[in-house]
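Going line by line, the protein sequences match chains A and B. According to this note's numbering, the first sequence is numbered sequentially starting from 517. According to this note's numbering, the second sequence is numbered sequentially starting from 1275.
It should be emphasised that the hints constitute simulated quantities derived from the structure, not laboratory data. The reader is advised that the hints may include incorrect statements.
[Said to hold, decoys possible] Here are the simulated lysine-lysine pairs, BS3-like style, with alpha carbons at most 27 Å apart:
1. Lys542(A) to Lys1362(B)
2. Lys693(A) to Lys1362(B)
3. Lys1362(B) to Lys1386(B)
4. Lys1373(B) to Lys675(A)
5. Lys675(A) to Lys542(A)
[Stated by the list, open to error] Just so you have them, the derived chain A footprint on chain B, three or more residues with Cβ under 8 Å:
6. 1313–1320
7. 1331–1342
8. 1359–1373
9. 1383–1395
10. 1400–1408
Every value quoted in this text rests on a predicted model; they were computed, and no experiment measured them. Backbone N, C-alpha and C define an ideal beta-carbon position, used for all residues, glycine too.
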Amino acid sequence: MPVGANREASSQDFELPPEIQRLIGKQISRLFSSPPVSEGDIRRWAIATYWPELPPRLFWDPQFARETPFGGIVAPEDFNPFAWRIDPEVWPPLAFGMGGPTPGAAADQELINRWATDLGIGNTGLNAGGTSQYFDRIRPGDVITWESVRSNIFVRQGKVRMLFTETTMTWTNQFEKLVRIEALIALRR
Amino acid sequence: MNLDDLGYVLYFEDVREGQELPRFERLTTIENWNRYAAVRDEYVMLHQDDDAGHRGGERGAFGMGNLRQAYLNNMLRECVGLRGAIRKIDFQHRAINNKGDTLTTWGRVTRKYEENGHFLVDVEIGVFNQDGVNITPGMATVELPSRR
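Bound-form chain A, shown alone (with noise of 0.2 Å):
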């Protein structure tokens, strides 16, 4: 099951109509912002993650995470900061950046639901992988902003038929140091 944007087509995947091929390398969302990231976020993102033994010090004991080469606390590379975020259309976006979801990508997307239904494939959406780079760490006080790009689309003939969608998000902190880059792929089968 290949990843990234880069995939090479196979003779298995079925043919994009015109209207689906263009939705590829449209964007998803634009700048949208976490709160500010606070110990409690981190400290909790790692008891979850190595639960049931104690996480690693450096997530959670401020004296022992400064004399690390990190200085202070930082979070693990897997940490989502956009958890429990309140809907981009009610929090204020003056807040914490402007942005939001791009107008018609909720269009585009049901678009694409609507064909995938007509292909025949079922409604179970899971988790099919995907590649994650990681740049400068998150530490309490980041806010940290994504945009995302919808990077690929194909659909595969397994078992079942399978409709793959990737989606390549960049996010970046208050610095504009780049933080992550993540290309993950969903399935619906």
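Starting from the structure of chain A, add chain B where the hints point.
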């Protein structure tokens, strides 16, 4: 735990191709998944409710793919320590993590090289269940300090 050891350093020169990484193992149940769902605000019924899992064509509620990514990062992070870094992880969820599965992460060094002044190590990775099935194969790249 290496990450709790301020003196632990894994140098690029001390890694050899073919070397396996220490593993990270977890028995996965609703207890893990509930905690992970809580920090992600990911209350998807497929991960919470057996009936929803059945309707999705599975044995019952099943584990999140993102949690397997976290487990792989936990393994890599413990290996590289406080002075190394995970640079890239590429993974494919090929099979379901069912309730009660014991997941064991695995990694084996495939290549070490210098690139633009960075000392990098490629690692073949996977998440194996108790039946020996690799449900999340992939590759990772880590960066290590060098003695040079």
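Would you list, in rising numerical order, the hints stated earlier that this structure does not obey?
Checked against the structure, the hints that fail are numbers 5, 9, 10, while the rest are satisfied.
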